[in-house]
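Trainee: Sequence:
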Amino acid sequence: MKKLQIHYTCQSCSSGNEILVPPHLLSGELHKDACHICQYEQTLKFHPENQVDELHQCVVCERKDFYKQKDFNRKLGVLLFVIAAILSIWTYGISLIVLYLIDLWLFSKLGNIVICYKCQTIYRNVSNVADINAFDHEMNDRIIYSDHDFKGKPLSH
2 MKKLQIHYTC QSCSSGNEIL VPPHLLSGEL HKDACHICQY EQTLKFHPEN
52 QVDELHQCVV CERKDFYKQK DFNRKLGVLL FVIAAILSIW TYGISLIVLY
102 LIDLWLFSKL GNIVICYKCQ TIYRNVSNVA DINAFDHEMN DRIIYSDHDF
152 KGKPLSH
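Numbering (this note's numbering), first residue to last: 2 to 158.
Honestly, I wouldn't trust all of these hints.
[As the list claims (entries may be wrong)] Ranges between beta-carbon positions, derived for each pair:
| # | residue 1 | residue 2 | range |
| --- | --- | --- | --- |
| 1 | Gln6 | Gly153 | 44 to 50 Å |
| 2 | Lys152 | Leu102 | 40 to 46 Å |
| 3 | Asp148 | Gly94 | 40 to 46 Å |
| 4 | Asp72 | Lys154 | 22 to 28 Å |
| 5 | Tyr101 | Lys46 | 38 to 44 Å |
[Unchecked claim] Mimicking EDC-like on lysine to aspartate or glutamate, the simulated pairs with C-alpha atoms at most 16 Å apart in a straight line are:
| # | residue 1 | residue 2 |
| --- | --- | --- |
| 6 | Lys69 | Asp132 |
| 7 | Lys152 | Asp132 |
| 8 | Lys110 | Asp137 |
| 9 | Lys33 | Glu55 |
| 10 | Lys119 | Glu139 |
| 11 | Lys119 | Asp104 |
| 12 | Lys71 | Glu139 |
| 13 | Lys65 | Asp132 |
For the record, the hints were derived by calculation from the structure and aren't laboratory data. Heads up, the beta-carbon is just placed ideally off N, CA and C, and yes, glycines get one too.
Work the whole structure out from these sequences, hints included.
Mentor: What follows is the structure in structure tokens.
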């Protein structure tokens, strides 16, 4: 079994920090993790409802609103598209088709990660990822701009 991996943003300097979570931390304890850049101590709140590798509540902001996506670096994806678009001038669009095929192959090979809507904390090796919905733009806007708390329930109209 892989350990739950959490990547969160430091509240002091906005740098990214990563922690591998041993199972004993998921039993409802508070854990202080120091930023590797500014040494700010962030308190991570591990709630009893979070099982060994299941996620029900964010350890940083304590919200229950998550979405899943493929585990691929967005900046790298945009860079590859820009390169393929520039090369399409000389390849008559074939570079875009090649990029599409590479993207299709990567989509089938890469696993999912879970991300908190509110604080953008990334969780890897989550066993209940199938229970979490994909990104919803309206839900994201309501959480970010009006601080709406869906309490883990999907948006319903």
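Trainee: Determine for every hint whether it applies to the structure shown.
Mentor: How the hints compare with the structure:
1. In this structure the supplied range 44 to 50 Å is violated for Gln6 paired with Gly153, their Cβ-Cβ distance being about 21 Å.
2. Checked against the hint of 40 to 46 Å, the pair Lys152 and Leu102 passes, with Cβ atoms roughly 41 Å apart.
3. About 44 Å separates the C-beta atoms of Asp148 and Gly94, a value consistent with the hinted range of 40 to 46 Å.
4. For Asp72 and Lys154, the Cβ-Cβ distance of about 25 Å falls inside the hinted range of 22 to 28 Å, so the restraint holds.
5. Between Tyr101 and Lys46 the Cβ separation comes to about 42 Å, which falls inside the hinted range of 38 to 44 Å.
6. For the hint pairing Lys69 with Asp132, the CA-to-CA distance comes to about 9 Å; that is within 16 Å, so the pair holds.
7. A C-alpha spacing of about 14 Å is found between Lys152 and Asp132, which places the hinted pair at or below 16 Å, so the restraint holds.
8. Proposed proximity of Lys110 and Asp137 is contradicted: the alpha carbons are some 23 Å apart, above 16 Å.
9. As the CA atoms of Lys33 and Glu55 are separated by approximately 21 Å, the hinted pair breaks the 16 Å bound.
10. A C-alpha spacing of about 13 Å is found between Lys119 and Glu139, which places the hinted pair at or below 16 Å, so the restraint holds.
11. The straight-line distance between the Cα atoms of Lys119 and Asp104 is roughly 28 Å, outside the 16 Å bound, and the hint therefore fails.
12. Between Lys71 and Glu139 the alpha-carbon distance is near 20 Å, which puts this suggested pair outside the 16 Å criterion.
13. For a cut-off of 16 Å, the pair hint linking Lys65 to Asp132 stands: about 12 Å separates their Cα positions.
When held up to the earlier numbered hints, the structure conflicts with 1, 8, 9, 11, 12 and fits the remainder.
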